[in-house]
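Protein chains: 2
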Amino acid sequence: MTQPLRLGIAGLGTVGVGTVKILRRKAALIEARCGRPVTISAISARTRGRDRGVPLDGYAWEDDPVTLARRDDVDVFVELMGGADGPAKAATEAAIAAGKDVVTANKAMLAIHGQALAEAAEAAGRVIRFEAAVAGGIPVIKALTEALAGNEITRVMGVMNGTCNYILTRMQSAGLPYQAVFEEAAQLGYLEADPELDVGGIDAGHKLALLASIAFGTKVAFDAVELEGIQAITIEDIKRASDMGYRIKLLGVAQMTGRGLEQRMSPCLVPKKSPLGQLEGGTNMCVIEGDAVGQIVLRGAGAGEGPTASAVVGDVMDIARGLRISTFGQPAAQLADAAPAHSASPAPYYLRMTLTDKPGALARIATVLGEAGISINRMRQYDHEGGRAPVLIVTHKCTRVALEQALAAMPGTGVLESAPVAIRIEEV
Amino acid sequence: MTQPLRLGIAGLGTVGVGTVKILRRKAALIEARCGRPVTISAISARTRGRDRGVPLDGYAWEDDPVTLARRDDVDVFVELMGGADGPAKAATEAAIAAGKDVVTANKAMLAIHGQALAEAAEAAGRVIRFEAAVAGGIPVIKALTEALAGNEITRVMGVMNGTCNYILTRMQSAGLPYQAVFEEAAQLGYLEADPELDVGGIDAGHKLALLASIAFGTKVAFDAVELEGIQAITIEDIKRASDMGYRIKLLGVAQMTGRGLEQRMSPCLVPKKSPLGQLEGGTNMCVIEGDAVGQIVLRGAGAGEGPTASAVVGDVMDIARGLRISTFGQPAAQLADAAPAHSASPAPYYLRMTLTDKPGALARIATVLGEAGISINRMRQYDHEGGRAPVLIVTHKCTRVALEQALAAMPGTGVLESAPVAIRIEEV
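For the protein sequence lines, the chains are G and D, in the order given.
Each residue of the first sequence is one higher than the one before, counting from 9 in the numbering used here.
Each residue of the second sequence is one higher than the one before, counting from 9 in the numbering used here.
Simulated from the structure, these hints should not be mistaken for laboratory data.
Some hints here could point you the wrong way.
Cross-link-like lysine-lysine pairs, in silico, DSS-like; alpha carbons within 30 Å at most [unchecked claim]: (1) K247/G <-> K281/G; (2) K281/G <-> K280/D; (3) K247/G <-> K366/G; (4) K280/D <-> K405/D; (5) K280/G <-> K281/D; (6) K405/G <-> K281/G; (7) K29/G <-> K97/G; (8) K247/D <-> K280/G; (9) K405/G <-> K247/G; (10) K247/D <-> K280/D; (11) K247/G <-> K280/D; (12) K247/D <-> K281/G; (13) K281/D <-> K247/G; (14) K281/G <-> K281/D; (15) K280/G <-> K405/G; (16) K281/D <-> K405/D; (17) K405/D <-> K247/D; (18) K405/D <-> K366/D; (19) K280/D <-> K280/G; (20) K247/D <-> K281/D; (21) K227/D <-> K97/D; (22) K29/G <-> K227/D; (23) K29/D <-> K97/D.
For clarity, every value in this text was computed on a predicted model and none was experimentally measured.
Please work from the sequences and hints to get the whole structure.
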């Protein structure tokens, strides 16, 4: 175990450069903690020769990450290119086939191809580690896979896209509409090249699918994640939710229900005073609930050079120390195919609607809710604005099916000024 | 690796029984996740035959934990008896000498004898794991030792005694004095047999010393922890601190300074809106700051059957999976002797004092502070109560030495009605 562990690093963007920096600057610390040196044999990126703020001359260069992944002087292939397919996947497959372990930060690749890659790695006796793929520097994969492995996980939740949380908290604090804050975020460089990955919940949905697989011992199933972005969230709802004691978050929730595995990434109301409700700005938070441990909350930076590279280096050091765990915490061949259960778990809902200013308008809405089996927990009617009466309702727990039934029946009452807004309240 | 991992469990109190329950009820899950069964060969406790709510007939019984620790059919000795010395230490030493790995929840034993035990274990090629010893179910040892191992840790903090946090938050919310809440806590069974372990900060100090050792690569040095309990915290200070935007917490802080390792377990003010300030009741929180990862916050139950047993089982599963890491994250022989630096790091302080109602009284106090090089950030003078003027001061950052100098000079001003209260404000 005193042999160096030799890395080949593909991808020299923010995370790749951050990883090289830590491995160089902390070489002595890493060797002391691992009992062996961790070295870089070779690197690869799209463009060579650019000044990346860290000396790279000492490492062999490969134009092709697949060639890098197969090099004899590479023990661990560190994939930091990104992209679900293309070079990242080809090089990862090549690395496994060549008998290398893999460390990756690639949530998209694992959310789509994780099962096949994990099976290939395990057949070859190799490991894939991906702490950096979910919530940056927060050790949520390690917590789920290792520390809490004696628990049956009952629910896992997370605010795992810093950009969305920045947008929502900025709307709240500055009283600005979505579009204005979205443009601010774009100017600040907070958005992915395709902003839909952020604000559409796709990026966070990839992360949720990975957590769900570990938590519930199921094959990663990103296509079963119910995805809803934050684009339709209005400043009106942010303010009204706040009046009722809530914050709106793009919240990922995975839980096993009697009908199958529920995976949702969607805007939810959470109590202002809960750890999730208090989370502001670009910070990430993961909440794990286990039958023995109760609720564990993990909070930290979900992106950025240092935090993400910290996670990559942690994974590399685990391999250097001889830790060998199945990709998703148990052998990939044993992972179950979970039936997807769409919003099966009942929840209270926040409803906002504008009613015509007629006697009995509210009674008709209450009747429609009652007919769907939904009872009202709290209701607030605001001053009439030009004859239109904004109404907020917090329901008791109901199923999504019942809610949809009530929403479908509401236009028939003839008292709605516009379509009602309904947002799930997640009990945290 | 398909051989079962066989445990000998000594101590069948809350944690021991919780551990047996998880190992029985989750046997299939544990086997799937570890790739091998985890079984119990033998158990030991002070009294045999008592109904502990879980069947124990299938396990060999040993009256003497030392004999248990040496059994041929035991691979891992699970020490859940507690106590820094006596049977816990004797049996742990016996286990190591007999070539067994050790999992323990015993913070006192490790805080006092951790260095010697770690050296013995490493000489014998054995591991000692102790996630359950610090903050119950929160995976803070794993986070520090493994996930964040690529970081230089800059500071580690924690609210790690749930009883103290319960007392302080209950004083705050109910407006009750210390003694009344202390008695409530005693009646609720929240206090150790020797309450000084809780309210004197000793229990939490043990935990801090363990975290500091891992964080800074130093020999565990509990005797260098500056300990101050919560017994002197008044409802007056809780209310006044709240007026100024703070909460009082029994906060452990460890950081490496230019003068050596600072380890403090003492009441501190933290901003109300910070994660630490928002922590209520018996919940624990650990905050880790690393140069790459930034700030990571971990929150969860710090005690109780399920959470603590969850941590014990997590450690056992790590061993079952082949993880072998030095007790304190690097070989014990390499851990440094850190010079203790008592309150070397400067901080703002909260000062509360009652002044005589004479002209110029406040000016004299300000002069004394100025002469010690301490400048005032915020000051608040309350209505005079019978001629006595309560004054609150928040200073700018100053050293503890400067503060002591100012406090020593204050009685000489002749304007103090009683000794001033000074509490450190930890910037979190």
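How the hints compare with the structure:
1. K247/G <-> K281/G: 16 Å, holds
2. K281/G <-> K280/D: The given pair, whose Cα atoms are some 12 Å apart, holds under the 30 Å limit.
3. K247/G <-> K366/G: 25 Å, holds
4. K280/D <-> K405/D: Answer holds: K280/D to K405/D is near 19 Å, not above 30 Å.
5. K280/G <-> K281/D: The given pair, whose Cα atoms are some 12 Å apart, holds under the 30 Å limit.
6. K405/G <-> K281/G: Holds: K405/G and K281/G sit about 20 Å apart, inside 30 Å.
7. K29/G <-> K97/G: Status holds; Cα separation ~25 Å.
8. K247/D <-> K280/G: Satisfied, since the Cα-Cα distance of roughly 23 Å is no more than 30 Å.
9. K405/G <-> K247/G: Satisfied, since the Cα-Cα distance of roughly 22 Å is no more than 30 Å.
10. K247/D <-> K280/D: 12 Å, holds
11. K247/G <-> K280/D: Holds, at roughly 23 Å.
12. K247/D <-> K281/G: Between K247/D and K281/G the Cα gap is close to 20 Å, so the pair holds against 30 Å.
13. K281/D <-> K247/G: 20 Å, holds
14. K281/G <-> K281/D: Holds, at roughly 10 Å.
15. K280/G <-> K405/G: Between K280/G and K405/G the Cα gap is close to 19 Å, so the pair holds against 30 Å.
16. K281/D <-> K405/D: Holds, at about 20 Å.
17. K405/D <-> K247/D: 22 Å, holds
18. K405/D <-> K366/D: Holds, because 29 Å separates the two Cα atoms, which is no more than 30 Å.
19. K280/D <-> K280/G: The given pair, whose Cα atoms are some 14 Å apart, holds under the 30 Å limit.
20. K247/D <-> K281/D: 16 Å, holds
21. K227/D <-> K97/D: 18 Å, holds
22. K29/G <-> K227/D: 28 Å, holds
23. K29/D <-> K97/D: 25 Å, holds
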